[in-house]
Amino acid sequence: MDREKVIDAVKQLLEALGEDTSREGLKETPRRVADAYAELLSGEGKTAEEHLSRTFESDCGDMVVERDIYFSSTCEHHLMPFFGKIAIAYIPDGKVVGLSKLARTVDVFARRLQLQERLTAQIAREIMRCLKPKGVFVVCEAEHTCMTCRGVKKAGSVTVTSCMLGEFGEDRRREVLRLLK
38 MDREKVIDAV KQLLEALGED TSREGLKETP RRVADAYAEL LSGEGKTAEE
88 HLSRTFESDC GDMVVERDIY FSSTCEHHLM PFFGKIAIAY IPDGKVVGLS
138 KLARTVDVFA RRLQLQERLT AQIAREIMRC LKPKGVFVVC EAEHTCMTCR
188 GVKKAGSVTV TSCMLGEFGE DRRREVLRLL K
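Using the working numbering, the letters of the sequence shown map in sequence onto residues 38 to 218.
Hints are supplied without guarantee of correctness; some may be wrong.
[Unchecked claim] Only pairs whose alpha carbons sit at most 25 Å apart, straight line, appear in this in silico BS3-like list of lysine-lysine:
(1) K64 x K42
(2) K122 x K218
(3) K169 x K83
(4) K191 x K218
(5) K138 x K171
(6) K138 x K122
(7) K171 x K132
(8) K122 x K191
(9) K138 x K169
(10) K83 x K132
(11) K169 x K122
(12) K64 x K48
(13) K122 x K171
(14) K83 x K122
(15) K122 x K190
(16) K138 x K218
(17) K171 x K218
(18) K169 x K132
(19) K83 x K138
(20) K42 x K83
Rather than coming from a laboratory, the hints here were simulated on the basis of the structure.
Use the sequences and the hints to build the structure in full.
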């Protein structure tokens with residue numbers, strides 16, 4: 038990220054909106070916005086492989102489910118936040134990963150300009166690629182501020198996306214959905 042360019046762009050945006058960028062409340066706003074975007078988009082250029090490569094051998098073939106992984110991301114269409122929770126279920130095939138690594142994987146993909154549909158699929162594909170489980174199922178529920186604060190202004194609306202890869206038969210799929218309630 039070119040921090041100085043962001044600072045200049047925010048200052049120009051404020052001026053274009055008719056604001057006086059020299060007034061007390063706005064003097065540091067361009068810098069603060071640049072710092073905020075550096076944090077919000079810190080997943081850009083990172084991979085989840087560094088987190089998912091530390092595995093443990095396991096003869097457990099039962100499903101592992103981690104749910105209520107809270108996240109926030111930035112919608113690439115409006116540069117507004119969307120946030121919610123993600124559930125990850127996978128069926129190990131000889132190895133498991135530490136639970137914190139699943140949450141870190143979510144952060145790698147959530148901390149970039151994003152679409153919810155792509156976020157869900159990226160997490161599932163990366164877990165499938167790195168862990169090589171028998172199957173993976175990711176469910177994402179999110180509230181989009183571009184839907185709640187502007188446009189149609191439907192506060193409380195939630196968008197649900199899912200991505201299922203590998204061997205998730207109908208019985209296991211129902212079990213995951215039951216566990217998520």
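Do the hints match the structure? See the list:
no.: 1; hint: K64 x K42; in the structure: holds (16 Å)
no.: 2; hint: K122 x K218; in the structure: holds (13 Å)
no.: 3; hint: K169 x K83; in the structure: holds (20 Å)
no.: 4; hint: K191 x K218; in the structure: holds (23 Å)
no.: 5; hint: K138 x K171; in the structure: holds (18 Å)
no.: 6; hint: K138 x K122; in the structure: holds (16 Å)
no.: 7; hint: K171 x K132; in the structure: holds (11 Å)
no.: 8; hint: K122 x K191; in the structure: holds (19 Å)
no.: 9; hint: K138 x K169; in the structure: holds (15 Å)
no.: 10; hint: K83 x K132; in the structure: holds (23 Å)
no.: 11; hint: K169 x K122; in the structure: holds (24 Å)
no.: 12; hint: K64 x K48; in the structure: holds (9 Å)
no.: 13; hint: K122 x K171; in the structure: holds (24 Å)
no.: 14; hint: K83 x K122; in the structure: holds (21 Å)
no.: 15; hint: K122 x K190; in the structure: holds (21 Å)
no.: 16; hint: K138 x K218; in the structure: holds (23 Å)
no.: 17; hint: K171 x K218; in the structure: holds (23 Å)
no.: 18; hint: K169 x K132; in the structure: holds (9 Å)
no.: 19; hint: K83 x K138; in the structure: holds (14 Å)
no.: 20; hint: K42 x K83; in the structure: holds (22 Å)
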